[in-house]
Amino acid sequence: MFVFALFASMLLCVCIGSVNIPIKNTLTAMWNTLWGLEMPEGVSKNIIVNIRLPRVINVALVGAQLSLCGAAMQGLLRNPLADGSTLGVSSGASLGAVISLAFGVSIPGFEYAGTMIMAIGFAFLSLLLILSLAYVLDRSMSTNSIILIGVIFSMFTSSAMNLIITFASDHARSIAFWTMGSLSGTNYGQSGILLLSFVLGGGVILRYACELNAFAVGEDNARHIGVNVRRVKLVILIAVSVMIGVCVSISGTIAFVGLVMPHMTRMIAGPNHKRLLTSSMFSGAVFLLLADLIARTIISPVELSIGVVTSLVGAAAFIVIFYRTRKGR
Amino acid sequence: MTKVLEVRNVTVRYGEHTVLDRLSFSLQEGQWLMLAGPNGAGKSTMIETIFEGTPYTGEIFLEGKNVRKYKPHLLAQKIGVMAQKNSVGYGYTVEEVVGLGRYAHSSGFLVNRDDEGKKLVDEALEKTGLMHLRKASVLTLSGGELQRTFLAQVFAQNPQILILDEPANHLDLVYQKHIFSLIQEWLAFPGRAVLSVVHDLSLAKKYGTHTILVNGGQAAAYGKTEEVLTRENLKKVYDMDVYAWMRGMLEQWTEEN
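For the protein sequence lines, the chains are A and B, in the order given.
Each residue of the first sequence is one higher than the one before, counting from 1 in the numbering used here.
Each residue of the second sequence is one higher than the one before, counting from 330 in the numbering used here.
It should be emphasised that the hints constitute simulated quantities derived from the structure, not laboratory data.
A hint or two may mislead.
Below, a sample of chain B positions facing chain A; criterion: calculated Cβ distance under 10 Å [unchecked claim]:
hint, residue
1, 414
2, 422
3, 579
4, 583
Covered stretches of chain B, as calculated for chain A (at least 3 residues, CB under 8 Å) [unchecked claim]:
hint, segment
5, 394 to 408
6, 514 to 526
Nothing here was measured: the structure is a model prediction, and the numbers come from that model.
Just so you know, even glycine gets a beta-carbon here, dropped at the ideal spot from N, CA and C.
Construct all of the structure, not just a fragment, from the sequences and the given hints.
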C-alpha cells in the first residue's frame with residue numbers, strides 16, 4: 001500500500017506544476033530517456049527529465065530519511081516528540097552549512113563536500129551537546145527537559161546565524177534558504193549523495209529495528225535483555241546525524257516531517273519498529289512530495305519554501321500529539 | 330555446590346552519598362538468596378550494578394569471570410534481571426514485550442526465528458496467566474498484569490540466574506502465591522539460582538534459602554535465612570520489634586469461635 005502511494009504521488013508530482021503535463025507524456029518521456037530513444041513530438045523532455053524528475057526523486061529521498069530519523073529518535077529516546085528538528089539537530093546542521101558558506105569552507109575538487117561535512121559534523125555535535133546537557137541537568141532524561149533544551153539550542157543557533165548574516169550580508173539570501181528549506185533546482189548529483197546516505201544510514205537503522213524496540217520499551221529493560229546499550233545508541237545517533245546532515249546540506253531545514261510522519265505511521269502500523277521504520281520511510285516520502293507539490297503550485301508562479309508548508313501542518317499536529325500524550329499519562 | 334555469582338566489595342557513590350559500601354556475597358547453585366532491608370538500604374542499586382546500570386567499584390564474577398568482560402548478550406543469556414519499576418513508552422502488545430526476552434539468544438546477522446524461543450514465550454505467557462492478554466496493548470494493563478508481563482519476559486529469556494527486584498510488587502495474594510511457587514519450581518532444575526529483593530519478610534522466610542540483610546549499604550547479617558532473620562538482627566536493622574509486629578498481624582487472623 002505504501003509503495004503504491006509513493007509511486008502514485010511521485011508520478012502526480014512530476015505531472016503537475018506551472019505547466020501541467022499529461023501522465024501519458026510524462027511516462028513516455030521518462031521511458032524514452034531511460035532507453036535513449038527519440039522523443040516524440042510535443043513532449044517537453046526538458047521540464048520532465050531535467051527539472052521535475054530530479055526534484056521529485058530528491059524530495060522523496062529527503063522525506064524518507066527525515067521520517068526514518070524521526071522514527072529512530074522517537075524509539076531510541078522513548079519519546080514521541082523527539083525528532084531532528086525538535087531536538088535542534090537540524091538547526092545545528094544548518095548552522096554548520098551556513099558557517100561553511102559564509103566563510104567559504106570547502107574542499108578543493110568537491111563543490112558540496114565542505115558544506116556537507118560541516119553540516120554532518122554540526123548535526124552530530126549538536127546531538128551530543130543537547131543529550132549531554134540534558135543528562136547533566138536531569139539524570140532521568142525526561143521528555144520535557146530534552147525538548148526544552150532542544151528549543152533553547154535552536155534559539156541559540158538562529159541567533160548565531162543572524163550574527164553571521166550581519167557579518168556576511170552578501171550571503172544573506174543563500175543563508176535564508178537554509179532556515180526554511182527548499183528543493184528547487186536540485187540535480188541528479190545530489191540525488192546520488194542522498195541515495196548514498198539513505199542506503200548507509202537507513203541500512204544501519206533498519207538493522208537495529210529489534211534494539212529500537214527494546215529502547216522504546218525502556219532503556220533499563222534493553223540493558224537487562226542484553227542489548228549493548230551504549231554502542232547501539234552511539235551508532236544510531238551517528239547514522240541519524242549523517243542522514244540529517246546530508247539532507248540539511250541539500251534541502252535546508254525542513255521542520256516537522258520527522259516528528260509527525262512516524263507518529264501518524266505508528267497509529268496505522270503499530271509501534272513495532274520492524275514495520276514502523278519502513279512504513280515511516282514511505283509515508284515521509286509521500287508527505288514531503290505532497291508538501292512540495294503544494295509549495296510550488298499553490299501561489300504559482302511564486303514558489304513557497306517547503307518548510308512553510310510542513311511547519312504549518314506540523315505545528316498543528318505537534319500540539320495535538322503533545323496534548324494527547326499529556327492527557328494519556 | 331558451585332558458586333555461580335560472586336559479589337566482591339561493591340561500592341556505589343552518588344556524589345558524597347554512599348549507597349553501597351563494600352557489599353560482598355555469593356550465590357550458589359540451588360540457592361534462593363533474599364536481599365532484605367529497609368527503604369534506601371541500597372537493594373535495588375545492588376541489582377542495578379550487575380548489568381552496569383550504575384557506575385560502581387568492586388568486582389562481580391559470573392562463573393569465575395568478571396561480568397564486565399562479558400558481551401552484553403552473553404551475560405543476558407546467563408542472567409535475567411527484572412527491574413522494580415517497569416513502564417512502557419509505546420503500545421506494544423504483551424507478546425512483543427515478552428518476545429524481547431529472546432533478544433540475547435537471537436542476535437546475530439541471521440534473523441532466524443528460533444522455534445525454541447517461540448515455545449518459551451508461549452510457556453512464559455501460560456505460566457504467568459497472560460495467554461488471554463497476549464495481543465493486548467501493554468498500555469491498557471493493570472499494574473499487576475504489567476508486572477507479570479515483565480516476569481514472563483525474564484522467563485522467556487531462560488537464564489541460569491534469576492534476579493528479581495520486588496517480584497511480588499503489584500501482585501494480589503493469589504498471584505503472589507502463584508509466582509513464588511513458580512519460581513520455586515523453576516529453581517528445582519540443576520544449575521539455577523535466584524536472587525531477589527523482597528520487602529515482605531514472611532515471603533523471605535518462607536522461600537529464601539539464604540538471606541542478606543542490608544542496612545545503609547552494608548551487610549548487617551548474611552547467611553542461612555533462619556540464622557539471619559532473628560529478632561535481634563531485625564531489631565537492629567529496622568529499629569522496631571518485627572517479631573512482635575508480625576505476631577500482632579497474625580492475631581488478626583485467628584478464627585472467632
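Structure-based check of all given hints:
1. 414: Hint holds; residue 414 of chain B Cβ to chain A Cβ min 8 Å, cut 10 Å.
2. 422: 8 Å, holds
3. 579: Hint violated; residue 579 of chain B Cβ to chain A Cβ min 37 Å, cut 10 Å.
4. 583: Since the shortest Cβ distance to chain A is 43 Å, the answer is violated.
5. 394 to 408: holds (count 7)
6. 514 to 526: violated (count 0)
Checked against the numbered hints given earlier, the structure breaks hints 3, 4, 6 and satisfies all the rest.
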